[in-house]
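> Got chain A sorted already, so can you dock chain B onto it with the hints?
In order, the protein sequence lines correspond to chains A and B.
For the first sequence, the tail end lands on 734 under my numbering, and the numbers increase by one without skipping.
For the second sequence, the tail end lands on 734 under my numbering, and the numbers increase by one without skipping.
Be a bit skeptical, because a hint or two may be false.
Here are the simulated EDC-like pairs of lysine to aspartate or glutamate, each with C-alpha atoms no more than 20 Å apart in a straight line [as the list claims (entries may be wrong)]:
| id | chain 1 | residue 1 | chain 2 | residue 2 |
| --- | --- | --- | --- | --- |
| 1 | A | Lys285 | A | Asp350 |
| 2 | A | Lys76 | B | Glu411 |
| 3 | B | Lys76 | A | Asp437 |
| 4 | B | Lys572 | B | Glu587 |
| 5 | A | Lys681 | A | Asp350 |
| 6 | B | Lys76 | A | Glu411 |
| 7 | A | Lys76 | B | Asp437 |
| 8 | B | Lys681 | B | Asp661 |
| 9 | B | Lys572 | B | Asp593 |
| 10 | B | Lys572 | B | Asp614 |
| 11 | B | Lys572 | B | Asp528 |
| 12 | A | Lys681 | A | Asp614 |
In silico contact screen, one side only, chain B against chain A (beta carbon under 10 Å); selected entries [said to hold, decoys possible]:
| id | residue |
| --- | --- |
| 13 | Gly199 |
| 14 | Gly364 |
| 15 | His434 |
Read the hints as simulated data drawn from the structure, not as lab findings.
Beta carbons: idealized from backbone N, C-alpha and C, even for Gly.
2 protein chains.
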Amino acid sequence: MTSTLPVGQRTDCALAPMFTPRGIAVVGASRTPGKLGATMARSLASFADGGGHLALVNGRDETMHPSLGAATGAGPVDLAMICVPAAACPGVLAEAAQAGVRAAVICGGGFAEAGGAGIEHQEAVAQVVRETGIRVLGPNTSGFLAPHAGVTASFVPGVAGIRPGRVAVVAASGGVNHAVSFLLTEAGHGISLAVGLGNGVDVTAPDILDYLAEDPHTGAVALHVESVADGPRLVESVRCLARKRPVVALVVGQHDVGAFAASHTGALATSWRTTRAALAQAGAVLVADERELVDAVGALAVTRARPADDPGVGVVTAQAGPGLLLLDDLRGRRVQVPELEEETQRRLAELLPPLTFQRNPVDTGRPGPELGEILATVAADPGVDVIAGYALHEPDAVNLAEAARRGLTREVPVVFGVGGSGEEVAAERRALLDAGIAVAADARGVATATGALIADAAARARDGVTTAPVPVPSGISGPHDENQAKDVLGRLGIATTPRRVCANRADAHAALRELGGQVAVKILDATVLHKTEIGGVHLNVRTPDELDSALDALDAAGARRYLVEAMAPSGVDLVLGARRDPVFGPIVLFGLGGTTAEALADVAIRLAPLSPAEAAAMPDELAGRALLEAWRGGPVLDAKELGAVVSALGHLLVDNPGLDEIEINPLRLTRDGLVALDAVIIPREADDAQPDQ
Amino acid sequence: MTSTLPVGQRTDCALAPMFTPRGIAVVGASRTPGKLGATMARSLASFADGGGHLALVNGRDETMHPSLGAATGAGPVDLAMICVPAAACPGVLAEAAQAGVRAAVICGGGFAEAGGAGIEHQEAVAQVVRETGIRVLGPNTSGFLAPHAGVTASFVPGVAGIRPGRVAVVAASGGVNHAVSFLLTEAGHGISLAVGLGNGVDVTAPDILDYLAEDPHTGAVALHVESVADGPRLVESVRCLARKRPVVALVVGQHDVGAFAASHTGALATSWRTTRAALAQAGAVLVADERELVDAVGALAVTRARPADDPGVGVVTAQAGPGLLLLDDLRGRRVQVPELEEETQRRLAELLPPLTFQRNPVDTGRPGPELGEILATVAADPGVDVIAGYALHEPDAVNLAEAARRGLTREVPVVFGVGGSGEEVAAERRALLDAGIAVAADARGVATATGALIADAAARARDGVTTAPVPVPSGISGPHDENQAKDVLGRLGIATTPRRVCANRADAHAALRELGGQVAVKILDATVLHKTEIGGVHLNVRTPDELDSALDALDAAGARRYLVEAMAPSGVDLVLGARRDPVFGPIVLFGLGGTTAEALADVAIRLAPLSPAEAAAMPDELAGRALLEAWRGGPVLDAKELGAVVSALGHLLVDNPGLDEIEINPLRLTRDGLVALDAVIIPREADDAQPDQ
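Chain A extracted, bound-state conformation (with noise of 0.2 Å):
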């Protein structure tokens, strides 16, 4: 695993000379129409309109510079373009790098994603990074946007359209960056800085938050992710950004498409789940596809709602249908729509015509010059944290930036949905956003909005929490039975059943008789990891007639040792376990139990260590979590309790590289509380056992 530096250490000024240099050299520049050093040559032209440094070099064309060390002597280059082939690459970079030239970007492509040769030029890039510390973004890549800068380094057209703004665009792919960036454009949102990565071979994403947290102009960051090398370094970056700006992070891969996607970068498909439940637990707003991703961050560059736990949405609509949509979203993402305080019902009946609804949605009916009084009034009840509204355009009923300006009277940001079509509406929308109000074309937009305020609020509040430092056992490594890994839970404060080790028959006979009432029977091995599939476990043993019977059996499936427990009461079983992700590190799983729980995956994932609060809020996350709420009468999951359990289970693997695995499966919630019914404990091979990092 690659080390980092410790927070606060971190200089990455270093991308300076990239994102705002004082000169750039386009290495293979061309007059010839739909050459790449043709295409450079002319996006990077109004570079030079705004005063800035730019160098053509070729050394066939008599009207360009002859060589990078031609172009640095015309004036400083801190950055080359390099539109050269890829056998050509190295060669030129090591050249740059000799001219002072301090950062440099390869869009073409040969490389590591096209195998064979590709491979060994990529190769060779790196080795010149290496040597010479030159920072290369690239290859494979469309390059990068910085509207502020006025540098527009990349070959798609169009972009020039692209205005300066807050929005941050950190994409793996170059084509994803311009595709996101255009629909930002579009949606009213100007950028501060768009980068495709590519193949990564020396700046990666990290990087780019690193310097992005440093960036004034930066209000929020969209972050594209198809794989990730380093999980932690990932993870750090993103907290450290987070706590700055808001991040909002769109994850590939959910489904079936690693051949594709390992065609497309040469690197293996990172997990899905475990990537996008490192990114939340870091501060990062979690959306499911591009245009969530433009309604989230556009949203979270114009406002931020106050850290809150859980905290509550005022819908305030002029027409019904829409606001049904939009409170059918909000409810869809488990996002709070309290009703109102009587007091502020109580205001809002003399706002409003009588009968229409007030409670929470709020229906206006036809909008009027009240509306700034409404929002107001809504934003100015306790249980309201964010304002989500929506109205078509009328602008001979009601001015909505206006009357949304005089409805932002304290800390409750608003998200507003304005219906309608043509450039009078687009102007509207934008008004709306220069007046700090969050908008959106549609309900789904609005709902996706409010939810990303409501994410990045309870993320916030989530990390102001300290974690008082779980005592765990350390030193632990090598096998262990069943009896040995519920002797660890024990110390971890984990419940077990009373139970007997029993070396014979003898032995299990006088269990059976001090455990009383009915026993389970189990073979204990620790070399046997499933044991229900040998035949290695009888439940419900009441008589010495049925334990014979159990012995035998177990006898037959090979046992030496006997387990002899007393029974768990009914409940609703539980799996949980902690493990080793080959990208993240240590992780915790906690979900259902049960074949159709599995069949599902229905699971919550968290990256450990991690403190009993953030631990307990992982049920909510199960798609089955009416389970754990007194479905049908059954027992209630104390969150609080689970929370320490998890935690524990985390900090344990932390603490003890000689371990790889350990699951709870099943862990029982019962009346009395959690109980687990096994144990595993997985030791780590004796070349992984370093401390980890």
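Showing chain B alone in chain A's frame:
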């Protein structure tokens, strides 16, 4: 239930006076800006400009007609726009009918949605409709748009910018009607007719759908549903329409929005799941939100794929990153993206540089003029029914419209996403639309449109399947104990395990001996619906002693007779039921058994009667379907066997008005096929036991 005319006898030209009027009267017209009567007169001015007869009626304004009678004297009036307070509407409506006006729109609120006197006003309007036959849209709607007829019967500004086209909108809500019409306009689509139903005192969605089936301007229909009054009629209208023109349906109410919804229309919310199932079965394409509605109906208005059971998609992308987003999204929709045939790949290899991905997706790299040939090559692959493409707008590299036109070589429609911003890009998208190619602005939009074409093609393939009627017993009514219920299942060909009805202990012991192995012993009593809950079921009984213990327990639970059954082999437990939905009538439900599946409400629904082929597709919808496909070495569901069982159960309910509900829980999937382990038949209350329809 409202009876409906047989298909083919409908005459919904009854709505022609409303949507293609020769003349329109605005009753309550005004010259005071901001008043409804003024706004409506302004909106309709273009109708007069186009040569239509527009009559403004206001008894207190000398410049206007004093009465409707006077208006009709000045020219033909087919449609009255009634802009007077709710209390005055019934009188004006009667006057209109008297004057020979055949249709009216009541936009104002203050009717059933407001409660109180509003309910009486609405009833009075309904009374006039019943007495005179005048057709009424509303009340409580923003009206309708009929751009081909030059009619803008709406008070919402900006609608004049909506151009004539091929998409019809039928929305429960006036607000959604306008919101969606504006979104369609922004996406480059024109409108054939856009209607908001409001309270639907007379004209409801089926009326409009029947009208659209005969409307030559309409290419596809967007249907927005909040609640359904008459399920069978809606289903029949959608079925008839979908055979002629694609229908895309957005159903509101996935989550708890009931209170607000009721305030909106005064109607109770219909079951979201059942409504979606019914509409899909009738041939509609389902979408999740208004954006998907626009993407889907916009595509289907331009093109339609040939009917196919499980159509395949060829993905062609100029940028790998957006292509990966597209592929991931398509996989999430469970759309087939088959590997292209060798011959196709060979021909692609001649067109494309080496090392690009060509199996499907096809990554063109930076596109050039060969794009048309690439599309044609992919379209010629036998596994490809639809092409989904994406490219950034790069006019220097390729003219997308020209290329896509060349790619349209046979009956394979193309959906193309064009990334970019600004008017030039919008023009390229319009050019594609004009060439019969569906367009989108992003990968999500391409996936939605492609998914819609696929769903439509699959629905049409299903529609062609003829159904051999399943013979089922009739005349069944009254209470059934488990044995009788299983006798009924036996007559349907549904397997059960061998069983004995036992009047006493001696019978039960004889049954144990006869059946051999392990048995289940249950209370046999038609009045006990939940046997397990009262301790009325004992499984795995092997010995006479165990049998006596079980019988003791059953006696304690009040048993007078016992059912002794052979135990079924292990397997996967399912739930299958047939019952009567209050809105849609007989339905069947199929899902996984067990608590987790129940908590997740993982269930597929269909209207009954249905064919075995229709029923066989139900498992595909289950989130946990993997459990039916040899999960962990378990049994595999024979979809054909399930289809026969489900279809039989549905027919049984339809043919036996004396039955209210039949549930098989569990229906166990074993290695030997499906076995019903328990069955409950609930007779209908005497009052309800009338034949359906």
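> Run every hint past the structure and note whether it holds.
Hints, one by one, checked against the model:
1. Lys285/A with Asp350/A: 19 Å, holds
2. Lys76/A with Glu411/B: Within the cut-off at roughly 17 Å; holds.
3. Lys76/B with Asp437/A: Status holds; Cα separation ~11 Å.
4. Lys572/B with Glu587/B: Judged against 20 Å, a Cα distance of about 19 Å means the pair holds.
5. Lys681/A with Asp350/A: The given pair, whose Cα atoms are some 15 Å apart, holds under the 20 Å limit.
6. Lys76/B with Glu411/A: Status holds; Cα separation ~17 Å.
7. Lys76/A with Asp437/B: 11 Å, holds
8. Lys681/B with Asp661/B: Given pair lysine 681/B, aspartate 661/B holds - Cα atoms ~13 Å apart, limit 20 Å.
9. Lys572/B with Asp593/B: The given pair, whose Cα atoms are some 15 Å apart, holds under the 20 Å limit.
10. Lys572/B with Asp614/B: Holds, because 17 Å separates the two Cα atoms, which is no more than 20 Å.
11. Lys572/B with Asp528/B: 18 Å, holds
12. Lys681/A with Asp614/A: The given pair, whose Cα atoms are some 18 Å apart, holds under the 20 Å limit.
13. Gly199: Holds: closest Cβ of chain A sits about 5 Å from glycine 199/B, inside 10 Å.
14. Gly364: Cβ of glycine 364/B sits 7 Å from chain A, so the hint holds.
15. His434: The hint holds - histidine 434/B has a Cβ within 10 Å of chain A, the shortest such distance being about 6 Å.
In this structure, none of the earlier numbered hints is contradicted; all agree with it.
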